[in-house]
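Colleague: Sequence:
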Amino acid sequence: MGTKKRRKGIMGGTFDPIHNGHLMLAECARSQLSLDTVIFLPSGNPPHKQHRWDGATDEQRLAMVRLAIDRYPDFSLDEEEMRRGGLTYTKDTLLRLRKREPETDFYFIIGGDSLMTFDTWYHPDIICENCVLVATGRNDLALETIQQKMTELKKTLGADIFLLDLPDIQISSTDLRRRCREQKSIQGLVPDAVREYIEKNGIYGG
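Residue 94 in this note's numbering is what sits at position 94 of the sequence shown, and the numbering runs on without skipping anything.
By construction, these hints were calculated from the structure, which means they are not laboratory data.
Note that this is a predicted model, so its numbers are computed, not measured.
Backbone N, C-alpha and C define an ideal beta-carbon position, used for all residues, glycine too.
Each statement offered as a hint is correct.
For each label pair, taking beta carbons as the anchor points, the in silico distance ranges come out as: (1) K5 <-> L95: 12 to 20 Å; (2) R181 <-> Q32: 30 to 38 Å; (3) K155 <-> L77: 29 to 37 Å.
With a straight-line cut-off of 30 Å between C-alpha atoms, the simulated BS3-like cross-links for lysine-lysine are: (4) K99 <-> K8; (5) K99 <-> K155; (6) K149 <-> K8.
Put together the whole structure using the sequences plus the hints.
Modeller: This is the structure we're talking about:
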């Protein structure tokens, strides 16, 4: 009888800052897919989010992720993508993880907006060969639209896609940065330890 494969979720993103919506998403994926762990993988220099001017430093983003996941034994942090330098692509990250853990099944968590443009990513075929896509809904996208895109990606790329059943989460990092600049409270939107870190270090002009 073979050894049971480990199942790991991957949560990529700039996490600028990480917030309660990210944590809820990771926990929903862990629970619904029976994942052994969810890896938080902060982006170093993703091609679609260059020239950010109002964000935290790389070290501050890492520190906030550490603080946010500290109480979650099934969550972990992978710093390698941020440390690597140069442009970072999901394809390269997955190949790195696959080489390191060839017997692990990976589940890449992706937002509904990213799913709609997934076929324009760098080598989406190789991404699909190396993971299951875990899609989330989006309030401004009809469920039917997302399901149609899933069907298209399954047909054209052979993608294996799981659609999460997710509560309505109305939190965005962009809005949190704006609230900080405007001296508005972010309590309840981010973990208390992250809020205290932002306030202590004066991040986002707060």
